[in-house]
Amino acid sequence: MSRGRGAVDPKRVSSELFSLTYGCMVAQLLKDFENPEEVNKQLETMGYNIGVRLIDDFLAHSPSVTRCSTLEEVAEVLCKQGFKMFLGIVPEVRNWSSAKDEFSLVITENPLAEYVELPPHCQDCLWYSNIICGVIRGALEMVQMDVKCSFVGDTLRGNDSTEIRIKFVKILEDSLPAGED
Amino acid sequence: AVVSTQSTGKDNCPLYVATDPTEDALKMHFLVHTSIDVIEEKLSSATAANDPRDLYLGQLYPNEDYRIYGYVTNTKIKIVVIETISNPLKDARQVFSQVHSAYISLVCNPFYSPGETITSQPFLQTVTALMRGKAIA
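Going down the list, the sequences are from chains A and B.
Quick note on our numbering: the first sequence kicks off at 1 and runs consecutively.
Quick note on our numbering: the second sequence kicks off at 182 and runs consecutively.
Think of the hints as simulated: they come from the structure by calculation, not from any bench.
Certain hints may be false.
[Said to hold, decoys possible] A short, non-exhaustive set of chain B residues, derived as facing chain A with CB atoms under 10 Å:
id	residue
1	I285
2	L287
3	P291
4	F292
5	Y293
6	S294
7	Q302
8	P303
[Claimed, not checked] Which stretches of chain A does chain B cover? Using the computed rule of at least three CB atoms under 8 Å from a CB of chain B, they are:
id	stretch
9	12 to 21
10	115 to 125
[What the hints assert, rightly or not] Just the calculated beta-carbon pair ranges, DEER-fashion:
id	chain 1	residue 1	chain 2	residue 2	range
11	B	T300	A	S150	23 to 31 Å
12	B	Q302	A	V152	20 to 28 Å
13	A	E38	B	D272	45 to 53 Å
14	A	E76	B	S282	33 to 41 Å
15	A	G158	B	C194	27 to 35 Å
Ideal Cβ positions, reconstructed from N, Cα and C, are used throughout, including at glycine.
Here chain A stands alone, though its shape is the one from the complex:
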């Protein structure tokens, strides 16, 4: 990421700093929890907390985004605008299920995982970028969509591609607090 001297936008951060920060966070989580499954859960929770806040920022900065009526539209907006805005990548949408309620996002270049090599004891269980799943789940929940989001493959683990599977569960209805009519 080279820029002209003195032309650094104060609101932008170098992508290397971002990758290194995320990497150190995952490494520290592994040291603290020692169990890769537990780390996966923690990353997802962290992502969820980010997602519920990020959605407002995203919608505020994208006035052209309208209410989506189908899951296909949701997938389009997620990839072409959401991911593009925050991570600078555009994942591919693939593998729609026959009922059109599940799809996959395939990420070709993952900025979180630059230079990363998983240690052998985590090779089979850690989803390094699991924070992304949490972000998607949190963001969509705030627009009244309940989705299940999980990784099915990661190039860091030796799979062919980095793939997230998103399954639509239901639309969330606003429910009255208990005790009120």
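Here the structure of chain A is known, so what remains is to put chain B in place on it, guided by the hints.
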């Protein structure tokens, strides 16, 4: 042809050793060990006179069978390359800068702590390919 490459950390413990199977590994280790002394001497004697940007130390000391080149990074990681007299390297600096780049990529891996022995596959592959004389893209 390059017959051995070694990297040592700032406290002089070896991080990585690679030797061509045609040569005696123990002898290579010994040569590298003695060359670390030479590197230390160069580092301590280098005061303001030495250009701080020049990490490449050049040929370390004369030996009848081999040429030994040294390179030290700003973080005191020392890289030593030994090659046979018969087929000298055209550009030792190039080899060192490629090993240095591979080392930088390695260090950016959050799961590698500086000072640990290097077991990372991409780094090992880069060094092995360099030793065989293949250029890295």
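Each hint tested on the structure:
1. I285: Check passed: Cβ of B/I285 comes within 9 Å of chain A, closer than 10 Å.
2. L287: B/L287 check passes; min Cβ-Cβ to chain A is 8 Å, inside 10 Å.
3. P291: Result: holds, 3 Å to nearest chain A Cβ.
4. F292: B/F292 check passes; min Cβ-Cβ to chain A is 5 Å, inside 10 Å.
5. Y293: holds (8 Å)
6. S294: Holds - the Cβ of B/S294 comes within 10 Å of chain A, reaching about 9 Å at its closest.
7. Q302: holds (7 Å)
8. P303: With a closest approach of 7 Å, the B/P303 hint holds.
9. 12 to 21: holds (count 3)
10. 115 to 125: holds (count 5)
11. B/T300 <-> A/S150: 23 to 31 Å: holds (30 Å)
12. B/Q302 <-> A/V152: 20 to 28 Å: Since the Cβ atoms of B/Q302 and A/V152 sit about 24 Å apart, the hinted range of 20 to 28 Å holds.
13. A/E38 <-> B/D272: 45 to 53 Å: holds (50 Å)
14. A/E76 <-> B/S282: 33 to 41 Å: This hint holds: roughly 39 Å between Cβ atoms.
15. A/G158 <-> B/C194: 27 to 35 Å: Between A/G158 and B/C194, where Cβ atoms are some 31 Å apart, the hint holds.
When held up to the earlier numbered hints, the structure conflicts with none and fits them all.
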